[in-house]
Structures are given as structure tokens and as C-alpha cells.
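Put the complex together from the two separate chains, hints included.
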Amino acid sequence: MRPMPTTVLFEDAVASVAAEAQDEDLWLAPSELERLGWALEPEGLCRGPLCVPIPPARRAEFVRADGAVNLAALARHRGQAVVHDAERGVWVCGPAGEVRDAARRSLAAPDFTLPDLDGRLHSLSEHRGRKVLLNSWASW
Amino acid sequence: MDLPVWQALYEELAPRSFTVITVAMDAGGAPDVHQWIEAAKPTHPSLIDTRHVVAELYDWVNVPSNAWIDEEGRIVRPNDPGFAGEYFRGMMDPDFDFKAMMKEYGRMRDRYLDAVRDWVAHGPGSRWALTPEQVRARMAGPNPDHARAAAHFRLGTFLRDQGRSEAAQEAFAEAKRLRPESWNFKRQAWHLEEPGKSGGPEFWAEVKALGDRPYYPRWEL
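So the protein sequences, as listed, match chains G and F. Per the numbering used here: the first sequence = residues 94 to 233. Per the numbering used here: the second sequence = residues 1220 to 1440.
If we strip away everything but chain F, and leave its shape as in the complex, we get (with noise of 0.2 Å):
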């Protein structure tokens, strides 16, 4: 997990004007994160969004996404997947090489924290701060089918909070079927079905299907 690197993070770079939000998209809220959240200890906010709302306001279809907002509130960063990356996807392979993967995770964590330090030491001036023409392309524009997505998510989300899971399901599906990239839409369906669905044999046949398309958006860092 990603929480412990975020504190660590926080902590170096937090008396730089800088901190962490860290937002948990989980329908079953404190209860599906508080264990690792505790293991973490963070200091800086560390919330739960048990609607996906972040998720909504960012468009954001992943985890993690992040998005880097400077002092008067902008975005300069809008969707990165940080320090994730491809290399996970061969994991179910006998012959899978964890070592290698730890490698490559580890050299893009370094680079992309490495990212985020020259950002808070020179701003806009940084090579990694986008103009608002580079963040507008890299943000979709509003498209009535994703809205209508995030609103049967939504009500997937109180019938289920109602105890209504299979009416949530129902609504889950039409929210997959309007946005089928949506994997945070897909994932949580799959874990308030049967929790470990989401990383089930389902999961790796949907990852294994997208074949060369990307799992997460390939952006330049």
C-alpha cells in the first residue's frame, strides 16, 4: 500500500507550505479502510468517500489518481496514476518475475516523488507544472452519459446502504455500462458482491482482455 509513502511525504515536504489528502473510494467505509489507515498513521487528512464523489468531481475512472492543486486552489496536474503502473499486470503468470516488479515500482515512486519535491520548490516555474492549455487537454469535457454513470453509481450506493444489494447491482451495471472504463466502478461493485471479487479470476480476465490498450492512463509524468 501507498499510505506509509504519502506520510513520508507529507512529513518531508509539509513545512514547504505542502500536504497530502489522501481519499479512500470505498462504499463500505470505515470498515473496509480503517486497517489500513491505522498502519499508516497519517497526520496529514487522510478521508473516506464512501459515494466516489472525488472520483465524480475529478473524473476519475482509477486507483490511485492523483492531482496536484496549488496555493490558490488550480489544478496544475489533473489525472496522474503516480507511481502505478503496468508492471503489475503479469502477476498471475507462473513465471512472473516479483523482484523485477518491485524494481520497476520502486524506480517510478522515486521518480515521481522526486516529481512532487521540484513542483514545491519552484511552482509553476517547475517542468513538471502544466499550463491550463496542457491540464484542459488532459481533462475530458463533460459527457452526458458519464453524468448519467456517476448518478446510477449513486443510487447503487444508497440501495446498497439500504441493504438493498441486489436493486444496487442492478444500478452498478447500468453505471458500468455507461462508462465500461470505469474500473473504480467496476472493482467496488465487485467487492460489495463478494469481498476479493475485485481482484478475483473476474479481474484478471477483464485486465488480460484489454490486451494492449493501457490499464492506466498514459500520461507523460
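Isolated chain G (complex conformation) (with noise of 0.2 Å):
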């Protein structure tokens, strides 16, 4: 298979990148790898100074041989929900397992940053000190 023009949307970032999909798999080589700010390390796959560790017995699911790697096996691997439209090319990979539950269990509240109508970015955590009473709505 040769590799295709696709978007993958991880977590927060959206990139452009070469990738073959195969069914629920989304293998990219080293250098697409690292538009996404990934890269194979000997510690496992790393994202800064944050490492992933590959479980020895499943090495083959996240690496190939020609040293691509496995994208949407290295999410699902954090617990992030992975789900494509392949005829569109475009990827989703969502927020980490961790970030998920933590909440739940510490209760801090989720930070966010957002947009107001003049475009100026807020975000919850420039709150702290206050009480907040944070509300959604819709014009729907």
C-alpha cells in the first residue's frame, strides 16, 4: 500500500500527514510521525519528555519492520477513542483515558480556552481565586 494524503485530528492538534490506513490502523513513517510531535524512541514512543512504553509481546502492533508506526494503535494504547472516515481520509483521535477520568476523581475542574466574539482566547484556569458558575448554552 502506498501512503495517502490524510488529517488526523489528535487531541488538540490537527496535521496533514502521509498515512496507509488499514482497517482500524493508521501507519505513518518517522517523519509524518513527528508533524504530530511523535517520535520512535528506544524508551517507547515519546511526545517530548513523555514516553510511551511498547509492550514487548505486542511490539508488532505499534512498529513495523520498515519502522513506520502504528498511530491510532499508539492512541487507543492511551485510552483515546480512534474513529475515521476513510473514504474522506480524515482521522480522530480523542482525548487521552487519563484526562478523562481524572476529573472524577480529583474534581478539579477540566481547563478549557476558548474564543469570545472579538476572538480574545479565555481560559477557566486565569479564574482561580474566584467562584465560577460556568454555563453552556445555544442559539440552536
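Just so you know, these hints were derived from the structure itself, not from any lab. All of these numbers come straight from a predicted model, not from anything done at the bench. Idealized CB from N, CA, C, for every residue including glycine. There's no promise every hint is true.
So, partial list: chain G residues that the calculated Cβ filter (under 10 Å) puts toward chain F [claimed, not checked]:
1. Gln115
2. Asp194
3. Ala196
4. Arg197
5. Phe205
6. Leu207
7. Leu214
8. His215
9. Arg221
10. Ser229
Using 25 Å as the maximum straight-line C-alpha spacing, the simulated SDA-like pairs for lysine to any residue come out as follows [said to hold, decoys possible]:
11. F:Lys1260 with G:Ser109
12. F:Lys1322 with F:Tyr1435
13. F:Lys1260 with G:Ser218
Encoded structure:
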């Protein structure tokens, strides 16, 4: 199979890469993987200082002989939901499982950064030291 | 709309280390929401969430949904419908009593705003501030289907931004299938399909189909 132009939405990042999709797997050459900030190191699959060790017995699920890495397998291993639109070549890897579980454990309000009408960004964490009523609404 | 109510509450309580943050769950972005925000003239953060990120993070399936967050950034109430209630459900009936609905809306609004005032005055000592165990009991645990539903929704908003409306609706359909209780997914998808559809016959048919089940989560205030 030849790598095809693919859009990957990985957590908050969006990247256009060349990738080989096979059923539920998405293989990226090391140079393509780097566009998403990930690299194959002796410690495992790493993004900056953070490394995800590859279970030795399951290495073939994650790394191919030619060095390509299965990004979908990495994401699933991190507890991310992985879905895709095969026809349009778009893959989504949602937030890591630990992010989803942390709020209920610690009751720390998940932080977010969003724009107002003027495009100015605001984060919840800027309001530490105050009580906050967080409200969702919609125009529809 | 409730935005002016939040602005008034913010003006009243801001001197007591309190703020309101309103977030619009609107994939259409500023063009869909600007008129409401401009009319309310909020001086608190009034944000726009085109990907429904906040709903995913706080596991909310409907609007309005509210959370109370204390000075240390801890959740003390995770998912109140605020002063929204079941009172709207008969609105399409020919003999619907609009006056009674507005009376009930006013009663629930005043009660909810008084609860916020009590929390701002008394903090953890307020009877409305939940204990950590009570907060957890109101938060659903992690659920793989819900995480997949959110990922399909994200796929849908991305495809829609690229002008691929049909593909977007396919992704939204998956999100709705995996999380049928999400009115956010349903109504946002309807709205993107055709403005007005989110409050049209399809919506009212689904509300009717609820029967005895509540539209909003029925938590004790």
C-alpha cells in the first residue's frame, strides 16, 4: 500500500500527513509521525519528555519492520477514542483516557481555552481564586 | 434567553470574588450567536465553543448545563440544568398556558439564583455546595461509547468546516447512535442541516417520545 494524504485530529492538534490506513490501523513513517510531535525512541513512543512504553510482546501492533508506527494503536493504548472517515481520509483521536478519568477522581474542573466574540482567548484557569458559575447555552 | 440574567447576577456578585462564564455550544460560531451576545452585553467571559469541547469535558448532554467551581478550581456542583425545567414541554399544545410557564420559569430562576448567592456567601458551608462524594455520584464514570460519540462529533464538525455537509451528517449520526441521550448532538446536527430544524417537528416528536422520562437531568437543587 502507498501512503495517502490523511488529516489527523489528535487531541487538540490537526495535521496533514501521508499515512497508510488499514481497517482500524493508521501507519505513519517516522517523518510523518514527527508532524504530530511523536517519535520512536528506545524508551517507547515519545512526545517531548513523555514516553509511552511499547509492550514487548505486542511490538508488531505498534511498529513495523520499515519503522512505520501505528498511530491508531498508540492512541487506543493511551485510552483515546479513535474514529475515522475512510472515504475522506480523516482520523480523529480524542482526549486520552486519563484526562477523562481525572476530573471524577480529583474533582478538579477540567481547564479549557476558548474565544469570545472578538476572538480574544479565555481560560477557566485564569479565574482561580474566584468562584465560577460555568454555563452552557446554544443559539439553536 | 438567559444571558441577561447571568449578566445581572455577575454585576451583583462580582465584588464578592465571583464570576460567570457562559459558553455557547455552537458549531456555526460567531454568525450563529453574535446577536444574543451583543444584546446581553456581557462583561463576564462569554465564549464560543464550536466543537462542544466544554460539553465533552464536563460530560453534558443538554443546554443549559451549569457547573459550580470553587476558588481552588474544584467542582462543587457538576451538572445543573439551572432554572430550565420541564415546563416547556407542552408548548405545542393548542391550550398551552404560557402565563403559567413563565410563572414557573420565574419561580425556578429565583430559587436557583438564591442558591448561587448562598454559595457565594457561605462557600462550602452553603447547603447547596455538594460534598465530594455527592459530586462524584452526579458524574458518570468513563464510558468508551461516550468517548467514541464525542470523537465522531469532532469528526462531524471538522468535515462540516470543510464544506462536506453530507459527510458531516454521517459522522453526527454515529455520535447520536452512540449517545442517544445527547440533545446537544441531535439539535446541533439538525441546526446545521437546516436552521430552525432544531426546534421543528422532529424535535417536538422526540420530546413527546420521552413520555414520562425527564428532558433535563432531575437533580435536587
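Hints versus structure:
The interface hint given for Gln115 of chain G is broken, as the beta carbon of that residue sits about 19 Å from the closest beta carbon of chain F, more than 10 Å. Of the supplied interface hints, the one on Asp194 of chain G holds, with its beta-carbon coming within about 5 Å of a beta-carbon of chain F, less than 10 Å. For Ala196 of chain G, the interface hint holds, since its Cβ comes within 10 Å of a Cβ in chain F; the closest pair sits about 7 Å apart. Here the hint on Arg197 of chain G is kept, as its CB sits about 5 Å from the closest CB of chain F, short of 10 Å.
Because the beta carbon of Phe205 of chain G sits about 6 Å from the nearest beta carbon in chain F, less than 10 Å, this interface hint is met. The closest approach between the C-beta of Leu207 of chain G and any C-beta of chain F is roughly 4 Å, which is under the 10 Å cut-off, so the hint is satisfied. The beta carbon of Leu214 of chain G comes within 9 Å of a beta carbon in chain F, closer than 10 Å, and the hint placing it at the interface holds. With its C-beta approaching chain F no nearer than about 4 Å, His215 of chain G sits inside the 10 Å limit, and its interface hint holds.
Annotation: Arg221 of chain G was flagged as interfacial toward chain F, and the flag holds, the nearest CB pair being 5 Å apart, inside 10 Å. For Ser229 of chain G, the interface hint holds, the least distance from its beta-carbon to any beta-carbon of chain F being 5 Å, beneath 10 Å. With a C-alpha separation of about 39 Å, the suggested pairing of Lys1260 of chain F with Ser109 of chain G is violated against the 25 Å cut-off. Restraint check: the Cα-Cα separation between Lys1322 of chain F and Tyr1435 of chain F comes to about 19 Å, which is no more than 25 Å; the hinted pair holds.
Note on Lys1260 of chain F and Ser218 of chain G: the hinted pairing holds, with a Cα-Cα distance of about 23 Å set against a maximum of 25 Å.
Of the numbered hints given earlier, the model fails hints 1, 11; all others are met.
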